[in-house]
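> Okay, here's what each chain looks like letter by letter:
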Amino acid sequence: MALPLALDIALRHLLHRRRQTLVSLLGVTLGVAFFIAISAMLQGFQRDFIARIIDIQPHIIVMDDVRQPPRQPVERTYPDGAVLLHSLKPREETRGLRGARNMLATLEETPGLHVAPALSGNGLIHFGGKDISVNITGINPEQERKVTHIEKDLLSGTLDALYTTSNAIILGEGVAKKAGIRKDDLINVVSPAGVMMKMKVVALFSSGITVLDNFDTYVLLKKAQVLQNRPNVINRLKIRLDDVEQAGPLAGRIERQFGYRAEPWQEQSRNVLSIYVIQNAIMYPTVSAILIVACFGIFNVISTVVFEKTRDIGIMKSMGFRDSDVRLVFVMEGLIVGVVGTLIGWLIGWMLIEFMASLKFEMEGFVKAQGFVLFRSPRHYLISGGMAVLSAALAAWLPARRASRLNPVDIVRGAG
Amino acid sequence: MSSPSPAPALEARGLTRELPGPVPVTLVRDIDLAIAPGEFVAVTGPSGSGKSSLLYLLGLLDRPTAGTVLLAGEDTAGSSPDRLADLRLARIGFVFQFHFLLPEFSCLANVEIPIRKLGRLGRSAARRRAGELLEQLELGDHRDKLPEQLSGGQRQRVAIARALANDPPLILADEPTGNLDSRTAALVFDIFRDLAHTQGRSVVVVTHDSALAHTADRRIHLVDGRIER
Numbered sequence: 002m003a004l005p006l007a008l009d010i011a012l013r014h015l016l017h018r019r020r021q022t023l024v025s026l027l028g029v030t031l032g033v034a035f036f037i038a039i040s041a042m043l044q045g046f047q048r049d050f051i052a053r054i055i056d057i058q059p060h061i062i063v064m065d066d067v068r069q070p071p072r073q074p075v076e077r078t079y080p081d082g083a084v085l086l087h088s089l090k091p092r093e094e095t096r097g098l099r100g101a102r103n104m105l106a107t108l109e110e111t112p113g114l115h116v117a118p119a120l121s122g123n124g125l126i127h128f129g130g131k132d133i134s135v136n137i138t139g140i141n142p143e144q145e146r147k148v149t150h151i152e153k154d155l156l157s158g159t160l161d162a163l164y165t166t167s168n169a170i171i172l173g174e175g176v177a178k179k180a181g182i183r184k185d186d187l188i189n190v191v192s193p194a195g196v197m198m199k200m201k202v203v204a205l206f207s208s209g210i211t212v213l214d215n216f217d218t219y220v221l222l223k224k225a226q227v228l229q230n231r232p233n234v235i236n237r238l239k240i241r242l243d244d245v246e247q248a249g250p251l252a253g254r255i256e257r258q259f260g261y262r263a264e265p266w267q268e269q270s271r272n273v274l275s276i277y278v279i280q281n282a283i284m285y286p287t288v289s290a291i292l293i294v295a296c297f298g299i300f301n302v303i304s305t306v307v308f309e310k311t312r313d314i315g316i317m318k319s320m321g322f323r324d325s326d327v328r329l330v331f332v333m334e335g336l337i338v339g340v341v342g343t344l345i346g347w348l349i350g351w352m353l354i355e356f357m358a359s360l361k362f363e364m365e366g367f368v369k370a371q372g373f374v375l376f377r378s379p380r381h382y383l384i385s386g387g388m389a390v391l392s393a394a395l396a397a398w399l400p401a402r403r404a405s406r407l408n409p410v411d412i413v414r415g416a417g
Numbered sequence: 002m003s004s005p006s007p008a009p010a011l012e013a014r015g016l017t018r019e020l021p022g023p024v025p026v027t028l029v030r031d032i033d034l035a036i037a038p039g040e041f042v043a044v045t046g047p048s049g050s051g052k053s054s055l056l057y058l059l060g061l062l063d064r065p066t067a068g069t070v071l072l073a074g075e076d077t078a079g080s081s082p083d084r085l086a087d088l089r090l091a092r093i094g095f096v097f098q099f100h101f102l103l104p105e106f107s108c109l110a111n112v113e114i115p116i117r118k119l120g121r122l123g124r125s126a127a128r129r130r131a132g133e134l135l136e137q138l139e140l141g142d143h144r145d146k147l148p149e150q151l152s153g154g155q156r157q158r159v160a161i162a163r164a165l166a167n168d169p170p171l172i173l174a175d176e177p178t179g180n181l182d183s184r185t186a187a188l189v190f191d192i193f194r195d196l197a198h199t200q201g202r203s204v205v206v207v208t209h210d211s212a213l214a215h216t217a218d219r220r221i222h223l224v225d226g227r228i229e230r
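The listed protein sequences derive, respectively, from chains A and B.
Following the numbering used here, the residues of the first sequence are numbered contiguously, the last one being 417.
Following the numbering used here, the residues of the second sequence are numbered contiguously, the last one being 230.
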């Protein structure tokens, strides 16, 4: 059938029931608008977080750890045999990356890759009667600044102060806050090895990621080795890549090559990232529910029109409209509501985002976020629009099918 | 229609329609009928005699339980619903007791709908044709009014204009004057007679008004679903 005629009839039906049409239109509009705004907000925060992680953390960390316990000689001898070992006592091994110098040298030759050694361990900060458990990471500043952006996050002081001040330590902002420590304070640091040192706080950092700010501290690599009583040992290689996307495959390759566990950033932050998976799993059904409710509105208005227009449907059929032509008219009505609602929803969603972007508020003192972090993506518009139009068509399909099945004889006879 | 011995415009053979159910009801029983081009036929009979049912069968709105309808020689017994719809669109014009105009469309737009649906004429040609039809039925001044703004007789004339929209050789009318006063009813009958006699269309009108029925070329009287002779 000539499409314009179906469109013409559909439009007139909708305009005739102006209020109901407006309500169902509003449903679609709100659904689409909220979908866009909420997606932009949540994804904005997520992406911001990930960007910060990529920025502050090494892209790959090689650790003095293996994923699987070493195979015992008897297992290696009989790889296919049924071997049962009782009371196995693994050898006590000194922790640390063995052959770290060689690994460093090999890795440094890889183009697009920066690497820095570190010794990471636990420790206790004692200050003003308070004990705070922390991670103490020994670093070499000139290498470290190539692999993490810790320097950018320093609130006061410099990274090089680790060199210039003896027994210097840099604390995360949260660590300092917990014990009321300020820059230039002298604090006592104790390691599990039993070594105690008096150290001077030369700088504080705030990465914006609470876990890091609350537990991380940095000292010079040499100092950490003394503190942990592990001279010349390093147990971390921090790697930064020019291309972040390579982290996963490259970590796998390093692991195969050196045997040590190499974690890409996705694995290091798996806990937090998995929260986002849950967050998305909650967000999408919620926002979709709005659209589904909107579809009930569409179903309602088109069902009503079909009911009211029973006589017209009969006359259209007697005039020579096919069943499919009648269906087309009513599906068209759903599509019109879906498409127009989507277009207005896009506009309102866009306005909501710009409004949220204009809001300025401080989040957590002088951490970076000063308002909503928004991610504007055409994908949000496409997904919400696609869902809205598709479900509008579906909502219209059921009453449309009913309309097309009406028997014209029943209608014209009933009216007579 | 121009062949020397024209086939009947409309022919019914053994036409029977039963309503299924615990107690089947026979609406129309074994009707044989042939209507020539240019013939004006009135179908009369008491209420429930099957007049309207016969008309719906002849107009391919309903399907017979037995028998068949031939439209200009084409047997419609095995035709698909879509084919029947196309035949209604191009070859049959319906007029009902109620005008059945689409209330959201102006008179002109209502007449235009079947023309646009058929799609043989462009949009402006369709508009011109609809306007001409309304002129012929002396409704030229009302073309842009909505149906609700017209009187009953005017609406019925718009409905007739719409039935004529695609220039069908067959016009079927079901109690077209049922809601009209006798003077308007006579005028509407004049129009139908004119459609048959000067325009060569076959016209079948169902009516219970025997005075009007007597002005037709032929009368078919139905009793209990059968033709009474």
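Hints are computed from structural coordinates only; laboratory data are not their basis.
Predicted model, so just to flag it, every value in this text is computed and none were measured.
Just to be clear, a hint being listed does not mean it is correct.
As the list claims (entries may be wrong) - FRET-style restraints, in silico, Cβ to Cβ:
id, chain 1, residue 1, chain 2, residue 2, range
1, A, R19, B, D182, 33 to 41 Å
2, A, N408, B, G49, 45 to 53 Å
3, A, F297, B, D195, 26 to 34 Å
4, A, L395, B, D182, 23 to 31 Å
5, B, S152, A, I293, 44 to 52 Å
6, B, V224, A, V340, 53 to 61 Å
7, B, D182, A, W398, 40 to 48 Å
8, B, S125, A, Q280, 57 to 65 Å
9, B, D76, A, W398, 30 to 38 Å
10, B, D31, A, R19, 46 to 54 Å
Unchecked claim - Stretch by stretch, here's where chain A covers chain B in the computed footprint (C-beta under 8 Å, at least three residues):
id, stretch
11, 24-31
12, 83-93
13, 111-120
Ideal Cβ placement from N, Cα and C applies to all residues, glycine included.
> For each hint, tell me whether it holds in the structure or not.
The hints, checked one at a time:
no.	hint	verdict
1	R19/A with D182/B: 33 to 41 Å	36 Å, holds
2	N408/A with G49/B: 45 to 53 Å	19 Å, violated
3	F297/A with D195/B: 26 to 34 Å	53 Å, violated
4	L395/A with D182/B: 23 to 31 Å	49 Å, violated
5	S152/B with I293/A: 44 to 52 Å	48 Å, holds
6	V224/B with V340/A: 53 to 61 Å	56 Å, holds
7	D182/B with W398/A: 40 to 48 Å	45 Å, holds
8	S125/B with Q280/A: 57 to 65 Å	58 Å, holds
9	D76/B with W398/A: 30 to 38 Å	35 Å, holds
10	D31/B with R19/A: 46 to 54 Å	52 Å, holds
11	24-31	violated (count 0)
12	83-93	holds (count 8)
13	111-120	holds (count 6)
Figure legend: structure checked against the earlier numbered hints; hints not met, in rising order: 2, 3, 4, 11.
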